[in-house]
Amino acid sequence: MRFTLGKALVGAALAIGLAAGTTTAQAEDTYKFGGVFTLSGPASFLGLFEEAAVRLAVEQFMKGDCIVEAIPAQPCEGGGLKIGDKKIPIEWKAYDDVSEDKKSIDAVTRLVEQDGARAIWGPRMNSALLSASTILDPQKIISICAICSSPAMTVGRKYGHDITDTGVIEKHAIAAFISESPDKLKEHGIDPKLFEGRKKAAFIGRNELYTVHGSIGFQEGIEKGGKKYAYSHDDAVFYPFGTTDFAPYVAKIAEQKPDIVMMDAYIIPDMLAIMAEMKKQGLDFETGKVVLLGNDVLMLQYFVDEAKKVNISMSSGYVWGWQEHNPAQDPATLARVEKYVKIYNEKYGKTEVGTSSPFDRGAYDAGMWFLYGVQAAGTITDNDAIVKAWRGLKINGLRGPENGFFVRPDNGETTGQLFASEFIIGVKDDKVFYTGIKYRDELFYGAYVYGDKLPK
Amino acid sequence: MTAFVQQLIYGTSYGMNLAVAAAGLALIFGVYRVINLAHGQLIMLGGFATYVVTTQIGTHFFVGFFAAMAVMGLLGIALESTIFRILQARPATDQLLASLGVYMILGTVALRIWGDFEARPVNMPGEAWALHLGEDIRIDGARIVTIAITLALFIGLYFVVYRTHLGRTMRATAQGGETAELMGIRKRRVAALVFFIGGALGGSAGAMLGGLFNVRPDMGFQPLLMALIIIIFGGMGSLGGAIIAGLILGILYNLTVYYVGSKLGDLVPFGVLLIVLMVRPQGLFGLPGRRA
Chain A
484 MRFTLGKALV GAALAIGLAA GTTTAQAEDT YKFGGVFTLS GPASFLGLFE EAAVRLAVEQ
544 FMKGDCIVEA IPAQPCEGGG LKIGDKKIPI EWKAYDDVSE DKKSIDAVTR LVEQDGARAI
604 WGPRMNSALL SASTILDPQK IISICAICSS PAMTVGRKYG HDITDTGVIE KHAIAAFISE
664 SPDKLKEHGI DPKLFEGRKK AAFIGRNELY TVHGSIGFQE GIEKGGKKYA YSHDDAVFYP
724 FGTTDFAPYV AKIAEQKPDI VMMDAYIIPD MLAIMAEMKK QGLDFETGKV VLLGNDVLML
784 QYFVDEAKKV NISMSSGYVW GWQEHNPAQD PATLARVEKY VKIYNEKYGK TEVGTSSPFD
844 RGAYDAGMWF LYGVQAAGTI TDNDAIVKAW RGLKINGLRG PENGFFVRPD NGETTGQLFA
904 SEFIIGVKDD KVFYTGIKYR DELFYGAYVY GDKLPK
Chain B
24 MTAFVQQLIY GTSYGMNLAV AAAGLALIFG VYRVINLAHG QLIMLGGFAT YVVTTQIGTH
84 FFVGFFAAMA VMGLLGIALE STIFRILQAR PATDQLLASL GVYMILGTVA LRIWGDFEAR
144 PVNMPGEAWA LHLGEDIRID GARIVTIAIT LALFIGLYFV VYRTHLGRTM RATAQGGETA
204 ELMGIRKRRV AALVFFIGGA LGGSAGAMLG GLFNVRPDMG FQPLLMALII IIFGGMGSLG
264 GAIIAGLILG ILYNLTVYYV GSKLGDLVPF GVLLIVLMVR PQGLFGLPGR RA
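As given, the protein sequences belong to chains A and B, one line each in that order. In terms of the numbering used here, the first sequence is residues 484 to 939. In terms of the numbering used here, the second sequence is residues 24 to 315.
Any given hint might turn out to be false.
[What the hints assert, rightly or not] Residues from chain B shown here face chain A by an in silico Cβ test under 10 Å; the list is partial:
hint, residue
1, A26
2, G138
3, R143
4, N277
5, K286
[As the list claims (entries may be wrong)] The calculated lysine to any residue pairs, modelled on SDA-like cross-linking and capped at a C-alpha distance of 20 Å, are:
hint, chain 1, residue 1, chain 2, residue 2
6, A, K515, A, G567
7, A, K791, B, E141
8, A, K763, B, F27
9, A, K939, A, F721
10, A, K792, B, E141
11, A, K682, A, K772
12, A, K939, A, S715
13, A, K763, B, I162
14, A, K585, B, M127
15, A, K515, A, A868
Read the hints as simulated data drawn from the structure, not as lab findings. Note that beta-carbon positions come from the ideal geometry of N, C-alpha and C, so glycine has one too.
Given these sequences and hints, build the entire structure.
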């Protein structure tokens, strides 16, 4: 019996050794990474394009037609990542979290433990993202997101990468805009009296970490802008998921008698319902009773058109927002975008993913930038080296030239946070337009933008 | 005071919508003893049916409204005659899970067909005007219309359930299915009728919600959640209880959001649920033997 058991143990050890050897060999033959996205359910519009764009980046990299370029230059020869003399194929796997935290974490675990992923894209939802970080960080798994907009992605996280702005950074931008001098507004063709006599700001958003951080960022931005407006994060109004009747929430905003309302929502039906209710309750942005501020979804031409369908006009001159993607592209960027959009639309235009928008372009940039980073590291297994190499690269992407990571001013460390710009957008004659006002360096401050630990 | 009255008005309107949604659920449970979670998607599909008929085809709101009632009623019959009839002899958990499955399937199908990116307005009577009481209180015309429709629906429902032969057969089946069958009542026919009325009520709730706000694929979620609490609060299977409980919850919800805190609105229904389960498990109008 002991002999048999001994043989069995040796056999098992050999089998495990062989299996481990096989796994290592496979890992060296293929670079595996994957993602967790919301691909179905009401928030699928936030996941479908991101997954599609990263998948396209992998395919284009494998084809050797990367469209975007790394700085310093990295080869894009096709056949896979060029590591030394070898070409390592890339394997991409994506899971659907159906907008549920538990499914997100299940998928993250599956990707790491079963699929052998060395980097994980997502999850998008901030609550799931925090849980995922407890799985990924100890195992040194690189974590990436191109639409998360959360400081939880990078602050205090060595392997986290946020390839977009955050809810905090973008609120810093819009708060900077409403704190601008009349002369600066006039210089950019905006009515210099737009904010004259306006004293009180209010905030409404869905009850989630992104908007809670956004409200904090809005308060920080107003304080930094000279406290021209009364606003406290404690007064922010948050509505729950699934709300149909926004009347009590808008009433709570109206009670504050605001002159400016920041609507931090990105679900189109929510936004339309809130705006309709605001008009009914006297918070009329069509007549200038209030100035309505919103995010980059509000400033999509598509949204302006949808609002018009429900008799909401955004062309009054009292609706403003931002975009993270440069609307005034240089010729080289425009050429890249044109080429990319053609490929993307041919592939996805007639599917549920839909045609290209600035959002998928950001995700494509992020995907390609990351692959260049792995290649630059010269290894597919050492994530410390990959992080270092990636953060040392910039990219001439679809967003514009020379996108890079933010470098902390306090210790000179390169973070995983995109050094994102914010472009102030308005609406005129039912068309969105870029004001020419752009922020970047002045937005990166505060404990929710960089630091060793995210405040609780 | 004006703010309080305004919130009472909003709460009444919201509560009436919830009461209609809950009435369909209560009716089906009262007779069939199944909690039909798919009801949430009948509300949503009712909204889409109204949108298609009213906005896309271009008819009057009430054409869309009755079309939504009819189509959702028929869908209710379809669900009863296929899934629920087969599962009727099985444990309640099987039926509950099956209805959850239907909920998920219908939600996914709707999302695939319509997506969640578009504005889907339904042109509702009363949208363009409002009744002003003093300087600060307003009642939107569309909310007045939905309150009127709700009252009409409840009067009609009361008439059917308590003043017609069909209603008697429904009540007899609710009191004892086997005895009713022995008395010559065709149970299957009653079941089909109950699912038709339940579906139609879900459809009407969706039409009104779609008219007041926008039609969207996730619009059935919150009304379903609230309806489940309402039928427990009001007393399982009690129509009157559903109406009263819907109104109370709607008003409490609005007052809490306004006076206590926007993040706390959702705590009200669940707080009420816990208290009811602990203090009066049969609900407001339920009989002591019929517990949630």
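Status of the hints after comparison with the structure:
no. : hint              : result
1   : A26               : holds (7 Å)
2   : G138              : holds (7 Å)
3   : R143              : holds (8 Å)
4   : N277              : holds (4 Å)
5   : K286              : holds (5 Å)
6   : K515(A) / G567(A) : holds (18 Å)
7   : K791(A) / E141(B) : holds (11 Å)
8   : K763(A) / F27(B)  : holds (17 Å)
9   : K939(A) / F721(A) : holds (18 Å)
10  : K792(A) / E141(B) : holds (9 Å)
11  : K682(A) / K772(A) : holds (12 Å)
12  : K939(A) / S715(A) : holds (17 Å)
13  : K763(A) / I162(B) : holds (10 Å)
14  : K585(A) / M127(B) : holds (17 Å)
15  : K515(A) / A868(A) : holds (16 Å)
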